[in-house]
Amino acid sequence: MKLNSLKPADGARKDRVRVGRGIGSGLGKTAGRGHKGSFARTGKGKIKAGFEGGQMPMQRRLPKIGFRSKLKNDTAEVLLYQLDKLEAGEIDFAALREAKLVPATAKQAKIVKKGELSKKFVLKGVLATAGAKAAIEAAGGSVAE
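Residue 137 in the UniProt record's numbering is what sits at position 137 of the sequence shown, and the numbering runs on without skipping anything.
Incorrect hints may appear among the rest.
Stated by the list, open to error - Here are the computed distance ranges between Cβ atoms for each label pair:
#1 Gly140 with Leu62: 37 to 45 Å
#2 Ile65 with Gly28: 49 to 57 Å
#3 Gly125 with Lys70: 16 to 24 Å
#4 Gln82 with Ala130: 16 to 24 Å
#5 Lys120 with Thr75: 47 to 55 Å
#6 Lys100 with Gly140: 40 to 48 Å
#7 Lys64 with Ser38: 26 to 34 Å
#8 Leu27 with Ile65: 42 to 50 Å
#9 Ile47 with Gly131: 52 to 60 Å
#10 Asp15 with Ser69: 50 to 58 Å
If you are wondering where the hints come from, they were derived from the structure by calculation, not from laboratory data. The beta carbon of each residue, even a glycine, is placed where N, CA and C say it ideally should be.
Produce the entire structure from the sequences given, and follow the hints as far as they go.
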């Protein structure tokens with residue numbers, strides 16, 4: 001097989017329809033566009049998405065609902081058992097980011113109680129849930145915000 005002998009499979013490529021080439025073609029005169037109207041004109045056949053012929057469109061008939069907080073994406077959750085993988089001592093936001101427990105897009109972190117903690121940690125500048133605080137203090141650590 002050579003590159004110059006390659007061709008598409010039979011029926012894979014259709015010939016384009018040549019419109020406006022006489023009455024015998026079946027698509028002569030109006031070229032399949034019908035008579036008059038916006039779709040018969042050049043450059044006028046587009047209707048914007050959601051247009052319903054002048055009827056009030058669906059996206060305007062339905063009520064506006066919900067709210068998406070932009071702040072929600074700024075706080076990363078760190079699970080309690082993930083802290084156990086770090087060396088005991090003082091933990092701040094920079095230490096969590098260095099350990100790759102917090103994504104680069106996060107602006108703050110929050111410790112959530114899930115799993116057990118066996119080491120003693122001192123949290124500084126990191127948020128923690130009430131359950132996580134209790135677990136850290138039970139292990140001998142402390143939480144300072």
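Verdict for Ile65, Gly28 (Cβ pair) under range 49 to 57 Å: holds (53 Å)
Range hint 16 to 24 Å (beta carbons of Gln82 and Ala130) holds or violated: holds (19 Å)
Status of the given 37 to 45 Å range, CB of Leu62 versus CB of Gly140: violated (55 Å)
Ser69 and Asp15 - C-beta distance against the hinted 50 to 58 Å: For Ser69 against Asp15, whose Cβ atoms are near 55 Å apart, the range 50 to 58 Å holds.
Hint check for Thr75 and Lys120 - Cβ pair distance inside 47 to 55 Å: violated (25 Å)
Lys70 and Gly125 - C-beta distance against the hinted 16 to 24 Å: Cβ of Gly125 to Cβ of Lys70: about 21 Å, so the range 16 to 24 Å holds.
Verdict for Ile47, Gly131 (Cβ pair) under range 52 to 60 Å: Since the Cβ atoms of Ile47 and Gly131 sit about 55 Å apart, the hinted range of 52 to 60 Å holds.
Beta-carbon spacing of Leu27 to Ile65 - inside the hinted bounds 42 to 50 Å or not: Holds - the Cβ-Cβ distance for Leu27 and Ile65, about 48 Å, lies within 42 to 50 Å.
Range hint compliance [Cβ, Lys64 to Ser38, 26 to 34 Å]: Check passed, 31 Å falls within 26 to 34 Å.
Satisfaction of the hinted span 40 to 48 Å by the C-beta atoms belonging to Lys100 and Gly140: violated (26 Å)
Violated hints for the displayed structure, listed by number in ascending order: 1, 5, 6.
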